[in-house]
Structures are given as structure tokens and as C-alpha cells.
Amino acid sequence: MATDALLDVRGLAKSFGALRATDGVDLDVREGETHAIIGPNGAGKTTLIGQLAGNLRPDAGRIRFAGEDITALAAPARSRKGLARSFQITSIYREFTALDNVALAVQAHAGHSFRFWRPARSEPELRDPARAILEEVGLGARADVRAANLAHGEQRQLEIAMVLATRPRLMLLDEPVAGMGTDESQRMVRFLGGLKGKRTMVLVEHDMDAVFTLADRISVLVYGRIIASGTPEEIRANPEVRTAYLGEETEG
Amino acid sequence: MNLRARTLALVVVLLLLAAVPPVAALLDQPFYLDLFRRIMIFAIAALSLNLILGYGGMISFGHAVFLGVGAYAVGVLSHHGIQSGYLQWPVAIVASALVALAIGAISVRTSGVYFIMITLAFSQMLYYLGISIEEYGGDDGMRLTVRSQFPGLVNLDDGTAFYYLVFGLLVFFMFLVHRLVNSRFGMVIRAAKSNEARTRAIGFSPYAYRLMAFVIAGAMCGVAGALLVNHTSYLTPEFMNWTRSGELMFMVILGGIGTTLGPVLGAAVLLLLEDFLSGWTVHWQIILGPLLVLAVLFAKRGLAGLLPGGSRDGD
Amino acid sequence: MDPILVLEQTLNGLQLGVMLFLMAAGLTLVFGIMNLVNLAHGSLYMVGAYLATAFFQWTGSFLLAVPLALAGTLLAGIVVEVVALRTLYARDHLDQVLATFGLILFFNELIAILWGRAAIYAAAPTWLSGHIELFAGLRYPLYRLAIILVGVAVAALLWYVVTRTRLGMLIRAGASNRTMVAALGVNIRLLYTVVFGFGAALAGLAGLMAGPIYVVQPGMGEEILIQVFVVIVIGGIGSIRGAVAGALIVGMVDTLGRAFLKPTLATVLSPSAADTAGPALASMLIYMLMAAVLAARPEGLFPARGGG
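Chains A, B and C, in that order, are what the protein sequence lines are.
Position in the first sequence (from 1) plus 18 gives the number in the working numbering.
Position in the second sequence (from 1) plus 713 gives the number in the working numbering.
Position in the third sequence (from 1) plus 26 gives the number in the working numbering.
This is chain A alone, in the form it adopts within the complex:
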């Protein structure tokens, strides 16, 4: 019973017709830890993330965040509580500049937005933190570039920047290095490594290098259930995991 868990998931279940995408998932994530969720394709990782982030309503089970039951809350409310998510397929504002993108994320947590007169782009309380975060992820020089014109890897960095800009207590990262080349993913992994301990992160990833570098604990999702959960060493040694997963996956 991890009562000090920041994120506490019990008995989560979701079916699509006859398909049990999530089949009774129990998960706990402690404050400050980096928790990776791995699993073969089709294991139900996307569905799980969707339910944690508030995009999908579970059929059963509950989710507690910082002691509060958030199962019924929709995505925007969860974000306001400090549960932020990045998307596997880059989801940014393509027509806006990188700075605008991050500033919007800052704006969402900087009081209400029923302000009709003053240009948002002239508000230092939005622009300054946004610039700082862009610097932090390494996009400082690209602040005024239209997001659509950024390289793929830079767009993934922008995703992370937007997550950080909401000052989250817990970051839900859905395949942060998806589609990145070796150099880029190493840089991203290094960056995320720099966040270890300072932020609580739940990482869904295929890239095993990234997972074993970053994770404090790993949970293995197979056919909608968590079949094992523990430290990287424990997972590596776990025979069930080997057969179900590691034996088949040879590259990230």
C-alpha cells in the first residue's frame, strides 16, 4: 500500500467491444521517481496513458493523484492539478512560433484568460518564463520560428517544453524520443536525465536504452495487465518479462 504515492492507480479497466485494452491495472508512482512503462506493441500503453491523462474514461477502477480522486476529471482539470502529458505523435500549434506555443502553456496556468484587450504576446509574465523554458530544453535560438518549420526532433523538444511550462507535479511522457535519430534521442535522454529527482515522470517508451538509463522503476504492461513492476535489475532478471517481452524486442 503505497500511501505516499503521488499517482495511485487501482483496478483500472477499459474495453473496446470485446477487446480488453486495460485489464485491471494497478500502478503506483512515488514523488520524485522516474517510472517507465514498457510493453510489446498492442499491450495497451496508449489506452493507459489516455486514461491517466483524462482523455479516455475508464470502465472501472480509480486514479488518485496527490491523495485526490481524479477519475472523473477531464484532461484540462487534471492539467490544472499538475498532471501534464506529452503526446506520442507530436501535437503542437503548428502555425504559432515556438515561443507562442510555450507561452500558451504558461498562460493556461497563469490565472484566467478572460482578458480581451492587452496583446498576450506583450505580457512579460507569459513571455519570460516561456523563453526560459525554451532555453532549458535547448530551443532558445529557435524561439521565433514557426513550429511547423522546426525539425522533427525540435518539435519533440517543444512538446516537452510545453509540458514543463505548465509546472507539473507529474509528467506523463508518451514516447518522448519517438521518431528521433540517435543524436537527438541521446540529447533528449540526457535532458530528461537532468530532470530526474526534480520532477516526477511517468515514461512510456520503446527505446530500451532510454528506459534503462532513466528509470528508477519499471512496470511491464502486457495485454492490458501489469505483469511485473520493480527496479531495472529486477525487471531484467524477471523470467516472465523476458519471455513476454525482452526476448522479442532487440532494438528500441
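Derived by calculation from the structure, the hints in this document are not laboratory data.
Keep in mind that a hint or two might mislead.
A short list of chain B residues far from chain A (calculated; beta carbon distances all over 12 Å) [said to hold, decoys possible]:
no., residue
1, Thr-720
2, Leu-727
3, Leu-728
4, Leu-729
5, Gln-742
6, His-793
7, Tyr-841
8, Glu-848
9, Val-859
10, Ser-896
11, Ser-918
12, Met-925
13, Ile-929
Pulled a few chain C residues facing chain B out of the computed Cβ check, cut under 10 Å [what the hints assert, rightly or not]:
no., residue
14, Asn-61
15, Ala-110
16, Leu-114
17, Ala-125
18, Ile-139
19, Leu-168
20, Leu-171
21, Val-241
22, Gln-243
23, Gly-245
24, Glu-248
25, Val-256
26, Ile-258
27, Ser-309
28, Ala-317
Just so you know, even glycine gets a beta-carbon here, dropped at the ideal spot from N, CA and C.
Start from chain A and add chains B and C according to the hints.
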């Protein structure tokens, strides 16, 4: 660079519009005064639609209903003896805002095709309601015997003065929309259009903002309605007909979505085109129809998109 | 309230429901499969009505006019699909709305050029005019009864096709996953044209039946289209079951409302107040119903995801 081109185009257009009365007087063609005043009134309506359609991505197919509400507010009050514009026009604004609130509260919850159909349905409902109320002319409509009175301010019976009033309001609303779309509020609306999932993920609940935008757009269009009824001195439920709504949408698209100048250009082009074609043949719609289809298929970015730099969000 | 009158109006409501269903089925299929918002659907209804009237006058035989009008509408629909709509499948809804709006203007004006703007008179064939005694005291117009029967037959046919044939299977598959259907090697273009033609035929059928009862004039398509939208919103987009439910509900509410709201109001209000409020409210009834349904179920009663 593109910003400069846009601003220049904007200034040029406004100067041209401002020059119409003296030029019309010079050429002794009062018809042009009428035509361009009408264009500007519809430009205001298109501007209001652009706020929710162009910037907000809300495909409202019933926007003309607010022209009707504004017009009827003025017409009905006038019919009952209240001629003061100082009373009529605020009522027109409030009535339009309330109707927008009622329609929006239900429709804004939906999206996509549902939203299109629902806004269309509600606007037709009010159209049929207008037709069924015999007291105010039913489907024949009624005359506005006395224009809105603004003692001490402006005499709407003076064609030129009325023209400049409309012009002034157009400029005011263009400026207002410009401030709105660049404010925090406007950024949320635009973000929700650009990427709804991302907007929710960072913590915005778009509903309240969209509803607010819908109400503002409705109120603004209500002003256009009040202007329109004074312009034509006549009022019919046809103001609210869905074909009107379609025309407004075309003005927004033809002009260029998400630009300040777009709706003005769009209104001008569409109305001038209609005027030109109807001079040719009484069956001008059979030409306009396919023209519009072709415009949609091939000229997606609109006229403002032809300016250097292309179509960019915000000005 | 006279029970015979209520029964008669109920049948009328059923008859309106049938017309709405024929229109809604086509529209919702086209939307569900091709993701196309087709505002010009009403124009096909209008074409059906005008062709039927013209062929009937020309040949003197209703039985000949019906298939001719159907074929004509089907042809018109296919031409429109191939020439104008194919490019729209890939476009967003806004483009589709605007382009089909342009088509409406075109069709309305075309009809006005060919037949004039005034309403034309369409007669029912003599063997379908007159009344039939359904049971003691209830004499109902034969023509309207025929419409109801045709509608039920078509609904049954549609149900059979959609649930029991290969085409129907493709339609249902396409509604839930069109990329997959295309990947399976099905000729998507052909499928789309067939589905659209189907919808056009249904609209044409509704139109040709409508002539003798409703006003035949340019713009008639849009009047019914608005009601069809209400049907689809209430029933749920993309679902035949929803179209049936929505059509019946809207048909009933609208007909019974128009018939009985004024006299009902007259029992509580003054006659003159009921005189204005009655018809006004009755015309707004289905929209208020739509609003109520949306408040409770934003996706409609039977959204396609649930099946149908």
C-alpha cells in the same frame, strides 16, 4: 515584411472607402454611396463571423440570425413608437447577445458537423418564428417608417452622415477584433482551433471561451442588423434566412480566414459580384453558384492570402 | 379531443416521419461513409419532385413517371458526385458546406429557369387519390397511406441490405474505418459513388412522393433539409437506426404539435393569444426538442459508434 504589406493594404482600403461619398457626389452617382454603405454593413457582419469562424474554427451556419435579431429589435421598437436610437441600438445589442448565449450554450458543446447543423437549425427556427408573427409583417416584413433617431449626434437620413457612421463603426470593430484576437482570450480561441487536444492537455477548457466568442460575435452582428434595417428602411425575416448565412460564410472565406482585412474584402467582392451579375441576368445565381464552388475548390486562401507573405494567423 | 382526429394526425405524423427518414437515411449514410456534409441533398429531393411532375404530365402515367423520375434523380446525383463532390471528400467540412451551398444556388436557379419560380401543381394519380376506410369512422387519404407503406418497405429493404449483404457489410465497415476498407482492396471510388447514388435515389423517392402533398417550388429542398438535420442530430449521425428513431420522433412531434398545440393552448389562454402563440410555438417545437435531446445526449440517441 508581410505585416507591412498588410497594414498598407488595410490603410489603402480604408482610404478608398472614406473617399466614396465625395467621389460619388462628384460623379453624381448616389448609387455608389448606397452600395458601399451596404458593403460596409455586411463587412461588419462578416467581421463578426470571422471572429468565431476564421479565428475560432467554429463553423456557424446560422450567423445571419443575428442580423435579424438586431434588425427586428430596432424595427419592433420603432413599430411601437420608440424611435430613439439611443434606446433601440443597445436593445439590439443585448437581444443579439442573449440569443447568441441561448443558441451558443447548446451548440458550442458540440463540434464539427453537429455544430453546423445545429446552428443552422436554430437560425431557421427564428426565421420561421419571424414569418409566423403577423404583427410584425410575417413573411412580407415591415417598413421602418422612421430611422433611428440620434438627436444631437447624427442624422441617419443624411446619406453621407450615415455612411460615415457605418465607416466609423467598421473601423472601430476592425480594431476591436484585432485587439480581441491577440489578447489572452483570443489566443485561447485560436489555440483551440489549431489543436484542440493540445489545448485541453495544457489546461484550458475551451467551452467557456468559445461561448464568450460566440456571444461577442452575435452582439457585433446585431449592430450590423440595426444598421441594415436603417439602411434599407425595410425589415423582413429574409435577413435571417440560411442563404444569408451562407453568403456571410463566403465573405469570410473569400476574403481570407483569420485576417482583419479579409471580411471587408470578401464582403466587397461578393456584393459587387452579385450586383454585377444581377445586372446581366435575373438568373444570376446560376452563375454565382458554380463560381462559389470553384472558389472553394481552387482559391482556398482567399484574397488576403494573395498578399505577400501569404495567410498568417493574426495581424 | 376527437380520437379519430388524433389517429388521423398520428398517421400524418408517421407519413412525415417516413419522408424524413428517406432523406435522413441518404444523408447520414453519405456522412457516415464518406464523411461528406452534403447540403445539396435537398436539391436532389427537389429534382425528384419536379421530374415526377414533368414525367407524369408528359406520359400521363404515374407508374411510368416514378421509375423515370427515380432514374433521373439517380443520374443527376451521380453526375454531381463525379463532377463536383469527388474533390470534396478530401476537404474539410467547411469546404464541403460552402461548395454544396454553391450547388444549391445553382440547382434552385436551374429549376427556376426551367419551370419558373412559382409553385407548380402536382397531382396524385387518380387511382391513388381518394380515401380509404381504415376502420369505422377513420377515412384516410390513400396517397398518404401509400407513402407510409412505401417508406416501411424501403426501411426494411435498407435494413436487409445493410445487415445481410456484402454491400451492406462494406458500408458498415467503411463507416467505422474507411482507410482499412481501402487497404483491403475495395474500389473505394466505386463504393462511394454507389453509396451516394443510393442516397440520391432515396432523396428522389421522397421528392417524387412529395409532389402531390407538399408545395413544389424552387427552394423546397432546403425547407425539408433543415428538418432532416434535426432528425439526424436527434438520432445520431451515421446511424440508420438513429435516422429511423429521429424521423419518427420529429415527424410525430411536428405534426401533432401543429395540429394540437393551438387548441390545447386555447384551453388555458385567450383565443387570440393562442392564435399567435400556437402556430409560433408549434413551428419551434422540433428545435426545442433537438435542444433538449442535445442537453441530455450530445451525440444523439443512437450514434453510429454504438452500431446501426
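Status of the hints after comparison with the structure:
{"no.": "1", "hint": "Thr-720", "verdict": "15 Å, holds"}
{"no.": "2", "hint": "Leu-727", "verdict": "21 Å, holds"}
{"no.": "3", "hint": "Leu-728", "verdict": "25 Å, holds"}
{"no.": "4", "hint": "Leu-729", "verdict": "28 Å, holds"}
{"no.": "5", "hint": "Gln-742", "verdict": "41 Å, holds"}
{"no.": "6", "hint": "His-793", "verdict": "34 Å, holds"}
{"no.": "7", "hint": "Tyr-841", "verdict": "35 Å, holds"}
{"no.": "8", "hint": "Glu-848", "verdict": "38 Å, holds"}
{"no.": "9", "hint": "Val-859", "verdict": "35 Å, holds"}
{"no.": "10", "hint": "Ser-896", "verdict": "5 Å, violated"}
{"no.": "11", "hint": "Ser-918", "verdict": "4 Å, violated"}
{"no.": "12", "hint": "Met-925", "verdict": "7 Å, violated"}
{"no.": "13", "hint": "Ile-929", "verdict": "9 Å, violated"}
{"no.": "14", "hint": "Asn-61", "verdict": "9 Å, holds"}
{"no.": "15", "hint": "Ala-110", "verdict": "6 Å, holds"}
{"no.": "16", "hint": "Leu-114", "verdict": "8 Å, holds"}
{"no.": "17", "hint": "Ala-125", "verdict": "4 Å, holds"}
{"no.": "18", "hint": "Ile-139", "verdict": "5 Å, holds"}
{"no.": "19", "hint": "Leu-168", "verdict": "30 Å, violated"}
{"no.": "20", "hint": "Leu-171", "verdict": "28 Å, violated"}
{"no.": "21", "hint": "Val-241", "verdict": "13 Å, violated"}
{"no.": "22", "hint": "Gln-243", "verdict": "14 Å, violated"}
{"no.": "23", "hint": "Gly-245", "verdict": "9 Å, holds"}
{"no.": "24", "hint": "Glu-248", "verdict": "7 Å, holds"}
{"no.": "25", "hint": "Val-256", "verdict": "5 Å, holds"}
{"no.": "26", "hint": "Ile-258", "verdict": "7 Å, holds"}
{"no.": "27", "hint": "Ser-309", "verdict": "5 Å, holds"}
{"no.": "28", "hint": "Ala-317", "verdict": "5 Å, holds"}
Consistency with the previously given hints fails for numbers 10, 11, 12, 13, 19, 20, 21 and 22, ordered from lowest to highest.
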